[in-house]
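All residue numbers in the sequence shown are consecutive under the UniProt record's numbering, ending with 643.
Heads up, a few of these hints could be off.
Restricting the straight-line Cα-Cα distance to at most 25 Å, the calculated cross-link-like pairs of lysine-lysine (PhoX-like) are [said to hold, decoys possible]: (1) K378 to K391; (2) K10 to K501; (3) K391 to K60; (4) K150 to K140; (5) K140 to K374.
Pairwise CB distance ranges, derived in the manner of DEER restraints [what the hints assert, rightly or not]: (6) D599 to T384: 24 to 32 Å; (7) S613 to T387: 49 to 57 Å; (8) P24 to G377: 29 to 37 Å; (9) H52 to P483: 24 to 32 Å; (10) Q582 to R98: 25 to 33 Å; (11) N432 to K140: 55 to 63 Å; (12) G487 to E369: 19 to 27 Å.
If you are wondering where the hints come from, they were derived from the structure by calculation, not from laboratory data. Think of the CB as a built atom: it goes at the ideal place given N, C-alpha and C, for glycine as much as any other residue.
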Amino acid sequence: MLDFFTIFSKGGLVLWCFQGVRGPAAAATAPVNALIRSVLLQERGGNNSFTHEALTLKYKLDNQFELVFVVGFQKILTLTYVDKLIDDVHREFRDKYRNEFQQKGALGLLNGTFDFKDDFMRLLRDAEESSKVRAPTVMKTFEQSLKSQKTVKCMIETRGEKPKEKVKNKKNKGSKKDGTEAAAAPSKASAGDKQLSAAGEKEELTKDEILQKNREEFFRRHMKAGEKSRSPKPDAQKEKGKKPRVWDLGNSNAKVLDYSNSATNGSAEACPVEEFDPDMALGDKNREPGRLYDLEYESDDEAEEEKVVQNPSKPSAKKGGLGGMFGMLKGLVGSKSLTREDMDPVLEKMKDHLIAKNVAAEIAVQLCESVAKKLEGKVMGTFTTVTSTVKQALQEALVQILQPQRRVDVLRDVMDAQRHRRPYVVTFCGVNGVGKSTNLAKISFWLIENGFSVLIAACDTFRAGAVEQLRTHTRRLNALHPPESHGGRTMVQLYEKGYGKDAAGIAMEAISYARNQGFDVVLVDTAGRMQDNAPLMTALAKLIAVNAPDLVLFVGEALVGNEAVDQLVKFNKALADHSMAQTPRLIDGIVLTKFDTIDDKVGAAISMTYITSKPIVFVGTGQTYCDLRSLNAKAVVAALMKA
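Build the full structure now, drawing on both the sequences and the hints.
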């Protein structure tokens with residue numbers, strides 16, 4: 001049973017609505033609004049189904065008249081006739097009011113009256129009847145089977161005759177296979193002739209001679225195999241056991257490397273000021289302190305346009321002046337609406353191009369499917385090609401995907417937490433080796449330059465050297481921003497309890513310590529973990545559920561392709577499954593690292609934002625503390641669409 005069926009324009013004007021269950025007239029408003037926000041506006045139309053709470057919504061777009069057809073029903077129901085119903089309603093509604101749409105346009109939508117209830121009920125009854133249980137299929141009789149066509153004579157094999165080979169009809173049989181079979185045929189024949197001649201010779205010899213000949217042949221083979229297996233022994237055997245490597249510049253004194261007895265929790269003794277070259281840590285000298293610059297990318301659009309213009313002119317020169325001119329006009333003038341057959345070759349090339357740019361294969365397919373649904377039936381503009389139309393639609397879809405539904409403004413949120421006299425807590429999570437600690441230090445530097453004090457919580461109690469790495473970053477950050485430059489206030493401190501401890505407990509103590517000491521921000525570093533490791537994912541869900549951070553950032557590297565989808569889906573699923581809260585806390589944003597290593601293969605940014613609908617908050621672009629950027633959607637799309 002349907003909950004509702006509604007038809008509205010892409011401008012938001014409801015033309016007709018049917019409500020199948022009793023209730024308020026606005027019962028369909030919330031699901032349809034969720035569909036518009038999450039799917040239609042975000043260019044995620046690759047799948048024609050959408051789930052909102054207890055309802056499943058299916059929709060169909062009419063791009064010629066800018067209409068949307070939506071049907072909603074309970075997701076526990078399996079209604080097989082919904083797809084047929086929505087196609088029939090779409091066809092019937094278009095045919096009935098086609099003249100009104102074409103002649104009056106937008107005024108026809110505003111002033112028109114659409115009496116469609118009787119037609120809809122008829123189509124609904126037809127669809128329900130067509131989906132009723134069909135009669136069971138009757139089994140074939142023996143006379144109808146292939147076995148009955150065989151006679152007893154064809155099954156009898158006479159002695160001396162070869163059985164007929166079974167013919168296999170394989171459509172994908174290549175010419176290469178046929179060639180190899182043809183080449184192998186003469187060799188098989190020659191081998192057969194040799195065997196027959198050998199058999200004839202053996203028949204002429206006596207039994208003793210045959211036995212003697214076989215013995216000689218056996219010994220000859222055995223001696224050859226023995227000679228091959230023999231190898232000269234090495235002069236000196238390798239000594240067994242391992243020897244420790246002695247480094248040329250090594251230090252035999254282990255006390256120099258022992259940091260286990262040092263003071264903790266960000267005191268001045270624990271983080272002495274380190275003397276080093278600040279230019280190496282800062283990089284760009286002309287930068288504006290505290291500013292988060294956008295990603296930059298120089299596109300070659302003008303060169304690409306010149307190539308596109310020059311390529312069509314080559315075949316026209318061969319065909320002649322008039323033929324080339326008319327052919328070019330025929331390809332350019334928008335005289336018909338786009339069909340799926342027109343777009344399929346272009347979309348296939350676009351899909352391969354996206355996959356080559358490191359977009360996950362599943363995401364590339366869904367993007368092309370969304371563009372196809374958006375353009376199907378749309379009348380092309382004058383002097384436009386199918387390729388340019390599809391490319392423009394794909395660019396708009398990619399920019400829309402990279403622009404978040406809710407922008408994460410960290411500085412504004414930190415100031416809001418300051419007004420409530422509590423620290424702003426950020427938790428970093430991700431797989432091993434993606435750069436969580438390094439980019440945490442970059443974000444610490446950015447926050448310090450904006451005047452906020454930072455407490456780093458060392459909750460990676462598993463990886464050897466994790467605490468020492470954060471301690472080194474803390475010393476360097478204090479060297480760049482000493483307390484003397486901030487009125488005697490230490491801007492960054494480290495809170496650590498060593499290794500092998502409970503990470504959730506350390507994070508809770510660090511937040512309490514920051515609240516008592518007046519820190520503005522707490523950055524929680526966690527251990528790297530694979531998305532398939534259930535115990536570690538349970539521990540991460542516990543840390544997030546117990547401490548309730550203000551922002552949960554997933555740190556992922558820009559080098560991944562299909563793995564990005566698997567990581568984010570399983571991280572979100574693990575956080576939802578292992579959380580004890582009724583509304584589990586999931587990932588709020590993404591930190592994309594190692595962006596300077598990928599050139600124009602920026603597809604990981606598309607894959608991550610598409611699968612989670614979460615924004616990329618920070619982008620790591622280098623090794624210095626200043627190599628932190630905010631995402632520029634247009635720059636990423638320009639790099640992605642570059643040939």
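Handout entry: Enumerated hints in conflict with the structure, sorted upward
Key = 2, 5, 7, 9, 10 and 12
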